[in-house]
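Asks: Taken in order, these protein sequences are the chains called A and B. End of the first sequence sits at 144 in numbering that gives the first Met the number 0; the numbers just go up one at a time, nothing left out. End of the second sequence sits at 91 in numbering that gives the first Met the number 0; the numbers just go up one at a time, nothing left out.
Hints were generated in silico from the structure; no laboratory data involved. Even for Gly, the Cβ is constructed at its ideal location relative to N, Cα and C. Keep in mind that a hint or two might mislead.
Reference listing, derived: stretches of chain B covered by chain A, where coverage requires no fewer than 3 residues with Cβ under 8 Å from a Cβ of chain A [to be verified]:
#1 0 to 7
#2 28 to 36
#3 56 to 70
#4 75 to 87
Looking from chain A toward chain B, a few residues come up when the C-beta cut is under 7 Å (computed) [stated by the list, open to error]:
#5 57
#6 59
#7 77
#8 83
#9 116
Taking lysine-lysine pairs in the DSS-like style, the calculated list, with each CA pair at most 25 Å apart, reads [claimed, not checked]:
#10 B/42 with B/11
#11 B/41 with A/41
#12 A/69 with B/42
#13 B/71 with B/41
#14 B/69 with A/69
#15 A/49 with A/12
#16 B/41 with B/11
#17 A/69 with A/41
#18 A/41 with B/71
#19 A/49 with B/41
#20 B/41 with B/69
#21 B/69 with B/42
#22 A/12 with A/41
#23 A/12 with B/71
#24 A/12 with A/53
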Amino acid sequence: MIVVQPIPLAAIKEHSLSIFPDECCGFLFGFEQSDGTRIISKIEKVNNSKDGDKRRRFEITGRDYMLAEKFALENDFLLLGIYHSHPNHPAIPSEHDRVAAQPYFSYIIVSVMQGQIDHIRSWQLNDASQFEEEIFSPVQLNQSI
Amino acid sequence: MATVIIPTPLRKFTNQTARLQVEAGTVGEIIDRITLDFPELKKHLLDQQGGIRSFVNIFAGDDDIRDLQKEKTPVNNSTVISIVPAIAGGKH
Chain A
0 MIVVQPIPLA AIKEHSLSIF PDECCGFLFG FEQSDGTRII SKIEKVNNSK
50 DGDKRRRFEI TGRDYMLAEK FALENDFLLL GIYHSHPNHP AIPSEHDRVA
100 AQPYFSYIIV SVMQGQIDHI RSWQLNDASQ FEEEIFSPVQ LNQSI
Chain B
0 MATVIIPTPL RKFTNQTARL QVEAGTVGEI IDRITLDFPE LKKHLLDQQG
50 GIRSFVNIFA GDDDIRDLQK EKTPVNNSTV ISIVPAIAGG KH
């Protein structure tokens with residue numbers, strides 16, 4: 000399960016809407032509980048560096064990635080994954096997403112339909128390099144906010 | 000010894016170690032050393048010809064080694080090497 004705390008979740012939604020109809024992207028930081036639940040407590044927006052059609056593609060530069068790993072190490076976070084948006088498209092990973100995906104990472108996808116957040120889903124590669132959906136929750140079940 | 004920062008997706012192959020200290024003179028020697036010590040890293044870092052995979056970027060400090068001397072880029076005790084996976088995707 001992946002839990003995104005309210006402030007980072009609001010930031011992901013805001014980023015997805017502000018960049019629409021292009022794809023946005025960013026980093027997910029947080030920690031893992033002993034039961035494997037991932038808690039996302041911070042996100043970092045990053046520039047979609049894709050040359051060409053940003054309405055259906057995103058790319059993150061190596062330099063931005065390097066800085067994200069350093070930020071995580073220096074601030075006792077784990078870099079747990081990537082979020083990106085699918086403008087006017089369901090939050091289902093494409094073959095292009097799958098081929099470029101990293102093991103271990105969570106991939107949160109935000110579906111933005113006609114300028115409105117439609118739904119959010121999260122995915123992880125399994126050992127056969129296929130995406131499996133992970134349970135996505137905006138808050139932890141035992142968490143009071 | 001140079002410091003190597005292992006990205007989170009590859010830490011399961013380094014016993015969850017985020018930073019490795021490696022005695023080496025070049026980036027190529029560092030890659031040789033860590034793939035020897037952690038053999039499961041090899042298929043994620045190297046292609047079948049033994050070169051660095053196109054999906055993997057190696058930074059020495061703030062610079063991509065492709066802009067320096069590639070695997071022959073020299074390192075010293077203060078060099079920080081970052082292994083950086085390519086991150087991309089898109090809806091279709």
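Asks: Each hint needs a verdict: does it hold in this structure or not?
Replies: Comparing the hints with the structure gives:
Residue count for the stretch 0 to 7 of chain B with a Cβ under 8 Å from a Cβ of chain A: 3. That meets the three needed, and the coverage hint holds. Coverage of a stretch by a chain is defined here by at least three residues with a beta carbon nearer than 8 Å to that chain's beta carbons; for the stretch 28 to 36 of chain B and chain A the count is 0, and the condition is violated. For the stretch 56 to 70 of chain B, the stated coverage by chain A is satisfied: 4 residues place a CB nearer than 8 Å to a CB of that chain, which reaches the threshold of 3. Counting residues of the stretch 75 to 87 of chain B whose beta carbon lies closer than 8 Å to any beta carbon of chain A gives 6, which reaches the threshold of three, so the coverage claim holds.
At a threshold of 7 Å, the smallest CB-CB gap from residue 57 of chain A to chain B is about 6 Å, leaving the interface hint in force. The restraint placing residue 59 of chain A at the interface with chain B holds, with a minimum CB-CB distance near 4 Å, inside the 7 Å limit. With a cut of 7 Å, the hint placing residue 77 of chain A at the interface with chain B holds, because the nearest CB-to-CB distance is about 6 Å. Checking residue 83 of chain A against chain B by beta carbon gives a least distance of about 6 Å; that is within 7 Å, so the hint holds.
Evaluation of the residue 116 of chain A hint against chain B yields a violated restraint, the C-beta minimum of about 15 Å exceeding 7 Å. Simply put, residue 42 of chain B and residue 11 of chain B have alpha-carbon atoms about 14 Å apart, close enough for the 25 Å limit, and the pair holds. As the CA atoms of residue 41 of chain B and residue 41 of chain A are separated by approximately 32 Å, the hinted pair breaks the 25 Å bound. For a cut-off of 25 Å, the pair hint linking residue 69 of chain A to residue 42 of chain B stands: about 24 Å separates their Cα positions.
About 18 Å separates the Cα atoms of residue 71 of chain B and residue 41 of chain B, which keeps this hinted pair within 25 Å; it holds. Restraint check for residue 69 of chain B and residue 69 of chain A: satisfied, since their Cα atoms lie roughly 22 Å apart, inside the 25 Å limit. Among the hinted pairs, residue 49 of chain A with residue 12 of chain A is consistent with the structure: their alpha-carbon atoms are about 21 Å apart, no more than 25 Å. Of the supplied pair hints, the one linking residue 41 of chain B and residue 11 of chain B holds, its CA atoms being roughly 13 Å apart against a limit of 25 Å.
Proximity of residue 69 of chain A to residue 41 of chain A is assessed by CA-CA distance (about 15 Å); at most 25 Å being required, the pair is judged to hold. Taken as a hint, the residue 41 of chain A and residue 71 of chain B pair is broken in the structure, with Cα atoms around 37 Å apart against an allowance of 25 Å. Under the criterion of a C-alpha separation no larger than 25 Å, the hint pairing residue 49 of chain A with residue 41 of chain B is inconsistent with the structure, at around 28 Å. Our distance criterion of 25 Å between C-alpha atoms is met by residue 41 of chain B and residue 69 of chain B, whose separation comes to about 18 Å.
Using a Cα cut-off of 25 Å, the hinted pair residue 69 of chain B and residue 42 of chain B holds, with the two alpha carbons roughly 19 Å apart. Straight-line distance between C-alpha atoms of residue 12 of chain A and residue 41 of chain A comes to about 13 Å, which keeps the hinted pair within the 25 Å bound. Of the pairs offered as hints, the one joining residue 12 of chain A and residue 71 of chain B is violated, with about 44 Å between alpha carbons and a cut-off of 25 Å exceeded. Restraint check for residue 12 of chain A and residue 53 of chain A: satisfied, since their Cα atoms lie roughly 18 Å apart, inside the 25 Å limit.
When held up to the earlier numbered hints, the structure conflicts with 2, 9, 11, 18, 19 and 23 and fits the remainder.
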